[in-house]
Structures are given as C-alpha cells and as structure tokens.
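Engineer: Sequence:
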Amino acid sequence: MSQHLISLSLSDNDLTDIDAALKILEDRFAGFLALTPEERRTILKMGDKTEAFCRQTLTVAIQNTQAIPPSLDVVEAQSDLLTLDKLRPRLHRLRDLLSRGEDTDMALGSDIYSFSLDAYASLKIAGKGAGLETLRQAMSVRFNRGGKAKTQATQPVG
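One point on numbering: in this note's numbering, the residue at position 73 of the sequence shown is 1420, and numbering is uninterrupted.
Source of the hints: derived by calculation from the structure; they are not laboratory data.
It cannot be assumed that every hint is accurate.
With a straight-line Cα cutoff of 25 Å, these simulated DMTMM-like cross-link-like pairs (lysine to aspartate or glutamate) come out [as the list claims (entries may be wrong)]: (1) K1392 with D1432; (2) K1433 with E1373; (3) K1370 with E1449; (4) K1433 with D1395; (5) K1433 with E1423; (6) K1370 with D1452; (7) K1433 with D1420; (8) K1392 with D1427; (9) K1392 with E1423; (10) K1370 with D1359; (11) K1396 with E1423; (12) K1396 with E1386; (13) K1433 with E1386; (14) K1396 with D1420; (15) K1396 with D1432; (16) K1396 with D1427.
The structure presented is a predicted model; accordingly, all values stated were derived computationally and were not measured.
Assemble the whole structure, with the sequences as input and the hints as a guide.
Structural biologist: Okay, here's the thing in structure tokens:
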C-alpha cells in the first residue's frame, strides 16, 4: 500500500495570495545583495564569536570617536548593526518557510513515487493479457539496468 505523508490542496485563491506575498517580498528585497560565488567565498564572515567582538568594538568606538580615524564611518557601522538586528528574525522566518516548502515538495514527490511504484507493480501483474503490455513496457524504461560497458583492463607492458 502506498504511503501518504501529506494531503494538500491549494486553491486558486491560496496561490494568488502566495504569489502576492512573494511579489511584496521581491519588491522589498530589491535592494538586497546577490553575491557571486567568488564574493561569498572571499568576503569576511561574522560568526557568533566574531559578532560579539564586533559589537564590543563598535560600542567602544562609539564612546571614543576621537580615537577612530575619519575614514572609518562609525555611524554607518552602527546603522549596519541595527539593520542586521532588525533583519535577522525575518530571515529566520523566511528560512523556516522555505524549509517547510521544501519538505512539502519532497513529501508530495515521495507520495507520488510510492503510488507509482505500487501502481506499476499492479499493472505488471494485471497487464498480462489485458492489453496493457505496451504501456507496461514503456513504463519499465525507468527500471532498465543497462549496465556500463565492461572495459578490458590493460595489461602492463613488462
């Protein structure tokens, strides 16, 4: 018997609402960066310990602006940190939604695959003599095990 991990039906209204929400997010994210793989690889990354260091350094820098060269923009750094603090909870929510969407995608695909395997097995049995042989053969392509061509090992010249 086929598995049934999820039963989900999306109405046209559901899809319209989702698309409208995505459009709003796309519009709001228009100013966000899209780093290249090279930029992602080479950019400085702020982990937990580094973040604590950065927060402490920024606090001290704000209290001692006279010791900071004019080329270092303390106000911009402070603004970046405030923006990061506002953005992070929303990004966590987006990641959670994406994860649930991907899990749902996987479960739906798994349910369909499980059904198809069970249906294929039934058709293999019932198809004999029922005029389903052509259809069964077409579906069997998925399971053909055309092994890799064997290559002869070359003998070392000695």
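Engineer: Provide an ascending list of the numbers of those earlier hints which the structure does not satisfy.
Structural biologist: none
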